[in-house]
Structure formats: structure tokens, C-alpha cells
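2 protein chains.
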Amino acid sequence: MSASAEPRANVLLFGGGAVGAIAALNIETGGLGAVTAVLRSNFQVVRDTGYTIESVDHGSLKGWRPTKGEQLSLSLLVNTVPDVSKENLPPFDYIVTTTKNCPDIPPTLPELIRPAVTPGHTTIVMIQNGLNIERAMFEAFPTNVVLSGVSMIDSHEGQLGEILHEEKDVLHLGAFQNPTLDDHEREIALAHNFIQIYGAGGKTDVRFSEDVPWARWRKLVFNAVLNPLCAITGLDDARIRLTDSLVEGLVRPAMKEIIDTAAKLGHILPADISDTMIHLDPMDLYLKPSMQCDIEKASEAPCGNFMEFEYLLGEPLREARKVGVATPNLNVLYEICKALQWKIKEQKGLVKVPPKRIL
Amino acid sequence: MSASAEPRANVLLFGGGAVGAIAALNIETGGLGAVTAVLRSNFQVVRDTGYTIESVDHGSLKGWRPTKGEQLSLSLLVNTVPDVSKENLPPFDYIVTTTKNCPDIPPTLPELIRPAVTPGHTTIVMIQNGLNIERAMFEAFPTNVVLSGVSMIDSHEGQLGEILHEEKDVLHLGAFQNPTLDDHEREIALAHNFIQIYGAGGKTDVRFSEDVPWARWRKLVFNAVLNPLCAITGLDDARIRLTDSLVEGLVRPAMKEIIDTAAKLGHILPADISDTMIHLDPMDLYLKPSMQCDIEKASEAPCGNFMEFEYLLGEPLREARKVGVATPNLNVLYEICKALQWKIKEQKGLVKVPPKRIL
Chain A
1 MSASAEPRAN VLLFGGGAVG AIAALNIETG GLGAVTAVLR SNFQVVRDTG YTIESVDHGS
61 LKGWRPTKGE QLSLSLLVNT VPDVSKENLP PFDYIVTTTK NCPDIPPTLP ELIRPAVTPG
121 HTTIVMIQNG LNIERAMFEA FPTNVVLSGV SMIDSHEGQL GEILHEEKDV LHLGAFQNPT
181 LDDHEREIAL AHNFIQIYGA GGKTDVRFSE DVPWARWRKL VFNAVLNPLC AITGLDDARI
241 RLTDSLVEGL VRPAMKEIID TAAKLGHILP ADISDTMIHL DPMDLYLKPS MQCDIEKASE
301 APCGNFMEFE YLLGEPLREA RKVGVATPNL NVLYEICKAL QWKIKEQKGL VKVPPKRIL
Chain B
1 MSASAEPRAN VLLFGGGAVG AIAALNIETG GLGAVTAVLR SNFQVVRDTG YTIESVDHGS
61 LKGWRPTKGE QLSLSLLVNT VPDVSKENLP PFDYIVTTTK NCPDIPPTLP ELIRPAVTPG
121 HTTIVMIQNG LNIERAMFEA FPTNVVLSGV SMIDSHEGQL GEILHEEKDV LHLGAFQNPT
181 LDDHEREIAL AHNFIQIYGA GGKTDVRFSE DVPWARWRKL VFNAVLNPLC AITGLDDARI
241 RLTDSLVEGL VRPAMKEIID TAAKLGHILP ADISDTMIHL DPMDLYLKPS MQCDIEKASE
301 APCGNFMEFE YLLGEPLREA RKVGVATPNL NVLYEICKAL QWKIKEQKGL VKVPPKRIL
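Protein sequence lines, in the order shown, are assigned to chains A and B. Numbers 1 to 359, taken from our numbering, label the letters of the first sequence in order. Numbers 1 to 359, taken from our numbering, label the letters of the second sequence in order.
Hints are supplied without guarantee of correctness; some may be wrong.
It does not matter which identical chain is used: a pair holds within one copy or between any two.
Unchecked claim - In silico DSBU-like cross-links for lysine-lysine, where the CA-CA straight-line distance does not exceed 35 Å: (1) K256 <-> K352; (2) K352 <-> K297; (3) K256 <-> K62; (4) K62 <-> K297; (5) K348 <-> K297.
What the hints contain is simulated information worked out from the structure, not anything from laboratory work.
Isolated chain A (complex conformation) (with noise of 0.2 Å):
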């Protein structure tokens, strides 16, 4: 398929991290969009240097940064979300968000991005884990459609600007159901449309996905467990499976608790997802899950992050609660995050604590 008959989609792309590298590469290299990224801790390098890139689907690249957009004035990688009002710029077709998403941090993810959103205009594409996270895009843009990205990715940014994508990833893109729009077909088809741009090159791996909240509670089963267990021990996803009895001692029942309550809500899981899970990385590659890196890079401010634990555990305890599933096993993993969320606020001086007493 050629895209050069018809006018490139104007993509806004909001954080470059290894997910939004891999993603902007993507569109990039089908020629149906073109991406202005917007980047914050990698900005100067990439502006600089570019990207270096070492990916299973596109091979060793050095220097790359996204195509400017034709038509826009705007120089193709930014470190702030452009005002499409103020200064007068062609709309963003699609605003594809692949920062962490924090809603326990202000500002939120909506909050950063609203000077890039045309009302009634803009798709928004959440490549973004967890559960309820398009709840907070409905209420700040109830005219916008907002699609599901749930990404099945390998990739890392060691250094800055340095990514590295070793496994074959998958994209499983959907669309949300908004309320007010009450149309949804029209959201499905930007789905469709969304799923062309990306996969137009030909490298990649991007599905429709028919039911967004099963394809988002399959993933929790690996994100609310294994995830912020991993930020909480300090061992990776391999050396959880070495532990003499932390599988069974806390990773199944854990695991149960999430695919019971997603059960309770009519989302059936495969009998053996917790195996897929537990095994979903390989052993002698030793993965750090996203929360782990997170806990492991916050004292290096300014790159450091926080912890998406409410999203990817918080909100499925809450649907528990509410639909009457016991979660003694998510409850405490979930109090340790917010425990641990508390201290990465204290290391970057978010919160301070009263002098020691001087002996």
C-alpha cells in the first residue's frame, strides 16, 4: 500500500522513551504518518544525536529521529506538548501517549497533553498499560475518540536515547467505548485507521483487538503481580521464578485474585494464563519489569520515575473490591506500592519529613 497519493496523518507522539521510539519508528516507516515527538529526559540527546537503535524488526539504526511533518511549522522533536491554539497549527490527527501514566502525580497524563488536543478532532491512541486509564481522556475530552494500544514489547532504553528491542513485540489496538460520543463504529474505524499507519511498514506485528477489556485484564495477570513484585524485592522476572516458593507462595495466589475478579466481570482468561505469565520472559535474560526500573532509576532525578502501580494494581483491586472478589494477596502488594511511591516523592523532594533530633 502507497501513502503517497493521500496526505500523511499528523501524528503528535508523547513520550520517546524504548515504547514511543519503537512506535514512532513504526509510523515512520509506512509513510501514512508523520510524527512530531514530543521528548522530555532524552530530549537534548535525540535533538543532538538522535536515536541509536538496535531493534529485532528494524535492524541497527544510528542518528534516527522522526520525519518533520509536511506541513507543520514545528521543529519534529519538542520538549513541550505544542499549543495547536495559540500558535495557530494544523490539528494532530493522532496524539499516541507512551509516557508512564501516574494519576497520583500531578500533572496528569490529560493535563499534559490538552494543549495538542483539537476537540471533536483528535484520535487519541493510549499505548499505555493498566486498567480505567481512558476513564480520566473521556473526562477532560468527552468529544475525542481514545483507542487502546496494549503492547507486548521488549524494548529498553539503556542510555539516553539508546534503545534496544530484542524480543519480536505484538501491538493489540483497540478502541475505548466513550460515553458521550456514543459511537462506535466511528471509533472502530479509527482503530482500523490507526492499525494501517502503524503497520503500513510492514515490520511490525499490530492487531485488532475486538475485546479491549479482556486484551487489558490478560496483561494485568503479568502487571499487577509480577510487576510490583519485582519493584518491591529488587529481583527480576527470572530470579522470582529462582526463589524457592515465591511462585507459589504469592505469585499464583496473587495472580488468581486478578483473574477471578476479571472472571466475575465476564472477561474469561485461558486456563493457563498464570503459566503463560509466569514464563512470559525468558529465564536467561534476566527482564526487569517497568516498575523495577522505575524504583532503580528514581534517585537519578531528573530521569527517574515513578511507579504506574495505580493503574496496573490499584484500579483492578478497586474493580475487585467492587465486584466482591477477596484480595488479601493484591492488597498488601498494592499498600507496599504506595509505600514505595511515598519514598520515591521523598527522594525526588516531593515530600519532606521533619529534621532528626541531633544528639
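Add chain B to chain A, keeping to what the hints say.
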């Protein structure tokens, strides 16, 4: 009370860290006991320059060492447990154990002290935390009396051999009941005798503990909950209280599991015990409980410690299961502690993981 007329008790101290050094000082100050101290990590420092002690009870001491027991041919500080039969030494009247006590990490405490124990004679004084610690001792030494010391002390070893003892302490000293001996009167008499030796200097508060299990369960309210939680989160026990929700969300519910188990076993703790334990330490000292210190020191081999979570958390948990008290919060803390202990083992080279794949 003067000790000059009677021979001083021959005391072996096993473990000369923060608690042991103050114990030795108390015994020596009273003049009723002569202490031989088995030191390990700080042996060389204390042999060469003595302890540096800053104590609320004893003042500032520089270069302090236990005096040599008159009848002993031993050096007063040793770095291995003396073998009384092989070396033809006079028997020890008391062995005071103040080390960490980790049944999951061989060699176990009874194995370690065995060469110094004279069957039927030596009284073993366990100034150590946790539940059921006497069982392994009775199994190893069925003809010996074992005493219980529950020490409420805030004493820390900063640099090796440097002891900071900041708050007045209390030692609750009682007698375990050895089922083989079946002579609790003698056990109690020996407890009182040791209290005399320990308190003769008049500088410390040592009290007879009528009800040893009660005293141990009482301290477990702190040690089974806040101690592991500080180790897990890396937050000291003041910061735990400063977080938004950890006390109500996890600390109190977990403490209630200990209190309920104790009650079911007939040990009724005061109604305000949770509050007492939550506010045990002054806020403005930001004190770290022992397991938090242990895990922080774990990477500093060979001085770092393992966490004594089995007697502090594992045993009360197993007792709860036996009597049918649900422990959903303690379960998770326990599983995480097992994983952290595994991590310490890996740091110390006691477990090896397969090599990482080179990409």
C-alpha cells in the same frame, strides 16, 4: 551487693554486636560475672583498640574490653567458640547468645555454640527475638536450662566496635520450660541468679519475666510487622508513620493477626498494644529496625547479616495456622522476606544463578 566473696560466674558471650556489648558491660559492671566474648565481624577491631561505647546508662567508654575471667586460660576475646572439653577448660556457667538467629542459614545457633556447652551444667541465656527459639536449643541440649531474654533496647553498632546506646533499655528475663528437665523451679532460680549477675552494677533495668510467652508475643507485635515492613520498603519506622496510609492499610491489620493469634493461645495483650508498638520509637530519630539494618548491610560482605525473619515472622505465622487464625497480611510479608533472604544469599554467593544470555 558485693561479689568479692564468691567466685565470679564464668560467662561466655556469643555475639559482641550492639546488644552483646551492652550485655557484657552490664555483667562486668556488676562484678559477679567474668565475660569471655566470642566476636566475629568486629573481632580484630575490638581486640586491637577495644569498644568505643556511647551509652545512656554507662556514659562514654573508649577502649573498653571485658575483663578476663580469672580462672580462664583463654584470651578474653576470641573469634571462635572455645571447645571446653578438647581444651580442658572450666565449664561455662552461662552462655549468653546475642547474635542474629537464622534457622534457615546453617550452621544454626545450637551447632555454633555446641563446643562451649557443658551438658547438665551450662545455662544458655538467649537474649534474642522471636518465637520458638528455644526449641532447637532443647533439641540440641536436652539437659540444659535455657533462659529467655527479651531486650527492649535501642543500641546500634555504627562502625565496627562502635556502639551507640541511645535510650534506656529494659531486659525481661525469664525461663523457658525444658520438657526433658521438668524442673521449672530450678529454671526460675537460675533466671533469678542471672538477673542478679546482670543487674548487680545497678546501671540497667533487668526484670524477671513471669510469663515468657506473653513477653515474646508482646514484642512480636512490633517485630513480626514493622521490622519486616521496614526491611521490605526501606523506610525506617518513623517514615512508615509519615506515609499516607501504610499504618492503617497494612501495619494495624497485620498487627491484629499477631494479637489475635496470641489471644487464641491464651496470651491476652493490652488493648492499646498496637498503638504502643507503632509509636514505640521516637519519630525524630528515624530508627531502623534490625531487619532493615541487616538487609542494608547485606551487600557489605562479610559483615552484613541475614534477616532473622523465620523466628520473628515465620514462627508466629505457623502458630497462627495451627490455631486457625487467618493471616493474609503476614503471609505476604513472609513470602517477600523469603525472597529478600534469597537475594541476600545470592549477594553473598550462597546461591548462584545461571549465566545471562549474551545477545
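Here is how each hint holds up against the structure:
| no. | hint | in the structure |
| --- | --- | --- |
| 1 | K256 <-> K352 | between (38 Å within a copy, 30 Å between copies) |
| 2 | K352 <-> K297 | both (20 Å within a copy, 25 Å between copies) |
| 3 | K256 <-> K62 | neither (44 Å within a copy, 58 Å between copies) |
| 4 | K62 <-> K297 | within (25 Å within a copy, 42 Å between copies) |
| 5 | K348 <-> K297 | both (11 Å within a copy, 24 Å between copies) |
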